[in-house]
Each structure stands twice: as structure tokens, then as C-alpha cells.
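Novice: Chains H and Z, in that order, give the protein sequences.
For reference, each letter of the first sequence is one residue, going 1278 to 1390 in the numbering used here.
For reference, each letter of the second sequence is one residue, going 401 to 514 in the numbering used here.
Note that these hints are calculated values from the structure, not bench results.
Keep in mind that the hints are not guaranteed to be accurate.
Stated by the list, open to error - Here are the simulated lysine to aspartate or glutamate pairs, EDC-like style, with alpha carbons at most 16 Å apart: (1) Z:K449 to H:E1377; (2) Z:K506 to H:D1336; (3) H:K1347 to H:E1307; (4) H:K1280 to H:E1299; (5) H:K1332 to Z:D500; (6) H:K1334 to Z:D500; (7) Z:K506 to H:D1315; (8) H:K1348 to H:E1299; (9) H:K1347 to H:E1299; (10) Z:K506 to Z:E488.
Values in this document were obtained by computation on a predicted structure and should not be read as measured data.
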Amino acid sequence: DVKVTQSSRYLVKRTGEKVFLECVQDMDHENMFWYRQDPGLGLRLIYFSYDVKMKEKGDIPEGYSVSREKKERFSLILESASTNQTSMYLCASSLVGPQETQYFGPGTRLLVL
Amino acid sequence: AQSVTQLGSHVSVSEGALVLLRCNYSSSVPPYLFWYVQYPNQGLQLLLKYTSAATLVKGINGFEAEFKKSETSFHLTKPSAHMSDAAEYFCAVRARGGADGLTFGKGTHLIIQP
Chain H
1278 DVKVTQSSRY LVKRTGEKVF LECVQDMDHE NMFWYRQDPG LGLRLIYFSY DVKMKEKGDI
1338 PEGYSVSREK KERFSLILES ASTNQTSMYL CASSLVGPQE TQYFGPGTRL LVL
Chain Z
401 AQSVTQLGSH VSVSEGALVL LRCNYSSSVP PYLFWYVQYP NQGLQLLLKY TSAATLVKGI
461 NGFEAEFKKS ETSFHLTKPS AHMSDAAEYF CAVRARGGAD GLTFGKGTHL IIQP
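Please construct the entire structure, taking both the sequences and the accompanying hints into account.
Specialist: So, in C-alpha cells, the structure goes:
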């Protein structure tokens, strides 16, 4: 079974802090994704990566950056957390190809005070 | 740009009744279509996907969906609802030849009445 793990289930941070969310997959998938989930808005793509050290902006990249130094690991970074970044963050991975299934981690619920 | 519309943010059905969750997409070329389910405090799990092999797609847990190009729809159905089906359901689309992420609908919360 594909397994996508996220470093924390719940995080509480203060405004202005730098926040790191880590995601690891164990199926040698090339593609990795970060989404943000908010009630009534569904999931929105923040960033994705199709190879090590490669990254592409999604629909809502402002205030975020990412890092992919190893194939299995994809990190989301909030350079200076703000209250409007309070949300559920979901990581996913997949093989190459638009028809391929994306496999999701359990999510990290981030609260910024 | 493509988009997905899920009609009804909340759908309530009785246990044993038909489940129908609606999804319409907007795309000039039929895309790949996905239905995901999210149980409380969990990530998303794939129910089924349409990749053009067959218009009627069967998924896990007794769910199925039919791709109708003329109606630009991909509605999710289950003949008989079970209490364990209570969850959030998301329809998602990805363009053929697309190299980015999925575009999701806003989700439908399915409530099962005993």
C-alpha cells in the first residue's frame, strides 16, 4: 500500500513564526503536491513538484515556499505565518501522468494565533 | 481553465436509500475525473476515477459513477446507503495532458439518517 505521512497532525504557531510542514512518501513517486483545505472551498493547490529540486506554483502560492531535496520528501514552508494561513494542509503523491491517482496523507491542522 | 461544481454542500439520505451526489465539470475536452472520500480527521481516499476506458465506473464500497459527455457530468451513486458512508465527498478533475494538480469541487457532506 502507498503510504504518505505528514510530520504533525496538529500544530499551533504564532503570527510571524517560520513553519515547516513535512511530507514523506514511500512509493518512489515522482510527483508530490501540497493542498490547502478550507470549509466550503474544497482543496486548493499550493505547490507541486515533479522531480527533485523542481517545483511549480499552484493556484495559491502566495505566502508559501517548498523544498524537495530528496525524492521521497516534500516540505511546505510558511516564511512568516499569518492568521489567514490557519487551515488543514494535505500532502499527496502520484506517479507521472494526469490519469494517475494522487494518494493523500492524513493532513496537518495548523492554527496560527 | 477547468472547474468543478458539486451541487449541494450537504445531502441527507435515509439508511438504505439511494445516494446521489452531483458533479459537473467545465472543460472543452473531456478531462480525467475523480471522486474522493474524506472521513473525519483523515486524508482523502480515492473512490473511483474515469480515464475514458468505460463511461460507467465502479469504485470501492459499492459506489459507481457515470461519465456523461453531453451533460458534462460525473455523478456518484450508491444503491443503498449505509451509516458508514457518512463523510465528505469531493469530485476532482485533471486536464488530459495536464501536468499540475487536481482541481477540486467544494465538497458535499453526506449525512445518513437512521
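Novice: None of the hints should be skipped; say for each whether it holds.
Specialist: To see whether the hints hold, each was checked on the structure:
1. Z:K449 to H:E1377: Distance ~9 Å between K449 (chain Z) and E1377 (chain H) Cα, so the pair holds.
2. Z:K506 to H:D1336: holds (15 Å)
3. H:K1347 to H:E1307: holds (10 Å)
4. H:K1280 to H:E1299: Measuring from Cα to Cα gives roughly 14 Å; hence the hint holds.
5. H:K1332 to Z:D500: With a Cα-Cα distance of about 11 Å, the restraint between K1332 (chain H) and D500 (chain Z) holds, given a limit of 16 Å.
6. H:K1334 to Z:D500: holds (9 Å)
7. Z:K506 to H:D1315: Holds - the C-alpha atoms of D1315 (chain H) and K506 (chain Z) are around 9 Å apart, at most 16 Å.
8. H:K1348 to H:E1299: holds (13 Å)
9. H:K1347 to H:E1299: holds (12 Å)
10. Z:K506 to Z:E488: Satisfied, since the Cα-Cα distance of roughly 10 Å is no more than 16 Å.
In this structure, none of the earlier numbered hints is contradicted; all agree with it.
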